[in-house]
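*Asks:* Residue-level listing of the chains:
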Amino acid sequence: MSLAYLIRRLGAVIVVLAIVTLAVFAITAVLPGNAALMVLGENATPDALAAMERQLGLDQPLAVQYLDWIGGVLRGDFGTSLRLQLPVAQVVGEAFWHSAALAVIALVTVTVVAIPLGTLAALRRGTAWDLGIGLFSYVGTALPEFVTATLLLVVFAAPDGPILPAGGFVAPGEDFGGFLLHAVLPSATLGMILLAHISRQVRSEMSEVLSSDYVRAARLKGVKERRVILRHALPNALIPAVTVISLDIGYLLGGIIVVEEIFAWPGLGRLLIYALQNRDLPVIQAVVLLLAVVYALSNLAADLVIAWLDPRVRYA
Amino acid sequence: MSFLTLTRRHVLMGLAASTALPSVGFGQSAAPKSGGTLRVSHSTRIATLNVLSLSGPAEYPCIDMLYSGLTRIGTDNLPHPDLAESWEANDDATEFTFHLREGVTFHDGTPFSAEDVVATYQAILNPDIPAAARSVLTMIDTIEAVDATTVKFTLNAPFADLPVSTAHANARILSKAALAAPLSELDTKANGTGPFKLETYDTARMVRLVKNENYYQPGKPYLDAVEMLLYPDLTAETANFLSGSTDVMLTVQQADFQRIADAQGVQALRVPSGRYACVVMRQDAEPWNDVRVRKALALATDRELLVEVILEGLGRPAQDSLVPPELQFATEKPVVPYDPEAARALLAEAGYPDGLKATLVASDRPAIRAQTAIALKQTAAAAGFDLTIETMPHDTYLANVWMKGAFYVGYWGMQPTIDATYNLLLTSDASYQDTEWKNAEFDALIAEGRSTVDEGKRAEIYAKAQEMELADVPYIVPFFEDVLTASSAGTHDWEVAPISRFFHVEDVWLDRA
Amino acid sequence: MRRLLSSPTGIAGCLLLLLVFVAALFGPWIAPYDPQEFHVTARLQGPGPEFLLGTDQYGRDLLSRLLNGAPATVLFGLGATALGVGAGSVIGVIAGVAGGRVDSVIMRVLDGLLAMPELLFTLLIVSFLGGGTGQAMLAVAVTFTPGMARIARGATLSVRTREYVLAAIARGESRAWIVGREVLPNALGPIIVEATIRVSFAIMIGATLGFLGLGAQPPSTEWGLMVSEARQYMFRNPWCVIVPGLAIAITAMGFNLFGDALRDAFDPRRTR
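Chains as they are written, first to last, in the numbering used here: chain A, 11 to 326; chain B, 554 to 1066; chain C, 3 to 274.
Bound conformation, chain A alone:
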């Protein structure tokens, strides 16, 4: 894990991102219809449409549009949203924090719940506990987010006597309790599949480690069971769990699109769908770029954590 290696990986990420932006741009640009049509809606008479295209710069040659955009990005200017006429950085930045809050709540809750759950299942192998956790993890991985979300809504947010809000967002600065309350159902939905993945992974790794020679040796030496588990077994079982978590971040980034749409959470996912529907190219580009960067960085972070947990990798 040398510095050179890090730089090489970051370089590769940047090349990939450049290709991604070019692809997104090219494909969106050759599609029929554009943002001008979406802005005008029912009022899109041919002359109004032409005027709107001129105003938005959509009448320029594609290469010029792309170079303008990429030039702006290199100067740190992500342009103006075609649909909202606001700086892209502002629109996307705001949405990013909303999504990040949701993702972090989901990820932290899941990690805190899944690791003990998996450990428990491994320690009580073959019991009802183990079976229950196993069954849950299978059901969890088989439910797409939109199904989980809808079922949660039916149970917890029915209009006569709702227990939790059905959707929407409250700024944490205005009303922190309200913010958390609104985050319960979306983060629970996001967490379901992660919980299933991670607890299953921890269980299987833990079982393997518990039957390994060094744990047996530790037990023979008379080390207390608690210490055996916490000091010897768990850290080793966590390495693959971290890998799974990092892979799941990619999953989370996808899931967040659906969850935000259903629960009306004003984050990146919802913004992306809005931008796609309105052919708002600068916003699409910025959101896709941002998600790809987050994904790449989280993979990198996972590698670093694994190196730290596992001396064999660290010294390699």
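Quick partial rundown of chain C residues pointing at chain A, CB under 8 Å, derived from the structure: (1) M118; (2) P240; (3) I244; (4) G247.
Think of the hints as simulated: they come from the structure by calculation, not from any bench. This structure is a prediction, so every number in the text was calculated from the model and none was measured. Yeah, the Cβ is synthetic: ideal placement off N, Cα and C, and Gly gets one too.
Position chains B and C relative to chain A; hints supplied.
*Replies:* Just chains B and C now, kept in the frame of chain A:
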């Protein structure tokens, strides 16, 4: 026909709900109170405040509060004075003179004058500016400021409905200064003469407007502020309204209307409107060029069922005319029955004894388009129509099918006049001529109606035009959809015009217990 | 096969899949009603003797719609996976067999494609393709390709140095013969296992796209779309969303369990 009884019951229930309203609104006799913040929930984003080009359902109430036009459409569908106190036309309706209100100021304090009106209309007519109102104002030849409070429009063709056109929601008066600045500033800022001023513009969550102390109607608006709150989730929007977190639900979904109307202390408002879905049949090619095929489809459309299933009974069957009964000069339309047998016979006569296969395209937004297509497929099957439904994302539809396809579902808001209704879709040079049903005789009638000032004569002309439409069935218009909105017990005088672009929020007042 | 049925996961997986395949093969014939027929007097009903699973907002029979949608849903999963696995395997085996520069170029490109979160990638492709069942299937297949190519390449590399391949090279067999007769059959195991599990992903992503309005379109009986169309009515009749939602879950779970059991059967070392 077992559902018919059900339908009737629903209609009766609906009528009861709407007729009960005026008695609930005892506020009309009570003296309005000043103060308070009205919280209006809506479910579609306010993406821009650019009055020249916007088209969003939640954007219209904003510009109705921020700006004033020369004229404004009332709940009676007629043009009323706004910035123009009065107007007159010459005998052949080619010259209009508008007398402007004195002492009106823009929100920033600059006085309003005839110069601003001239600048605004020149901008609307400028082909380099995307202006939505241009299509109804093309007959304007010149516009001049006679003096500070008088504006004269000279038209290149007679047009009796000009005061209706000047009430177009996108023809609100902007200041000369705003028009000289980059027009993109209009997207996020507003300097109008309307009853409310813009305070906060946050497109993701809330647009907040505050009272314009210098509004030209003394004592109005009553409200201190209006907050337009975005609830992209309908369930959440309803829940918040019913729990009292918001005062007005701008739009109520049909599926939720009954439940909301039943809730205590809530005024659910059902406004009969001329909003419709229509089936577009392109008539320059087979099979839709044959009027018998179009009539067969009309007879194969079970209007009662569509109103019941799609609108939950909250609308009225329409009889294939674009003209709703609310419009001036609208005629009584004979009921088109659901008669699959007669439809089958007509189809056979037209050369399709074994029925007809066709692909009906519908956009996925709003859902009512696809719903109309699906229901039509079911009712038309009995007459031998084998329809394949192709639903597609709205952007794809706009780009590939709209104005191009041979057979698809359209969806339009209500227009203020018969002239505007027909010039939108049906005359040969209509803004959105998508049927290729071009009829010189019809065009001549509409042109004659435009230039006729005498009301009796106009009624005759428009009656003839509507007759031609019914005889030829250029569109299938199965129903008119009601505009649905709701307000809390403490909210008084919340009203939506059938055109649903005019809201008169300056009349609304709050009396929260 | 015996090993497959020896584990509880294997049995459960097989049973669920059996159920799904019976529905997919015979569903349209055993459906009690026409799935598109309106029953206007019986809208939004819960399960009952007349409509076993209830009706939707148009009064269409949910059971009939469910059965009618089964073949499309299963075919979507299988089709998208087959396309993705096919393309991925070809690319992976080429990279693995060719080695050297070809391999490193292919791997770079694959790494690039894998830098995008899966659903985001699918979503972008399908919104560019314009929405619809075929487009959604293609998008899922494209999304699966890089991952499958990686696995196929790994499998190829692991068998490339085995004795039987080296022996074939020593015998002077042609490259195509070696790939076709020795490499592919032996690399197939991991590919099949991965493919089975991917089918459940494909079904879930397909349903999600249907839900977002980018996959199957009304009046299709695709299950994700059924949930999406009924969402507005879910509080008036929760069965509208529960029935298709659970059907998706059962199908995905069937493929998951089956795939897990398959993996254990192929690779006893991993059995825990």
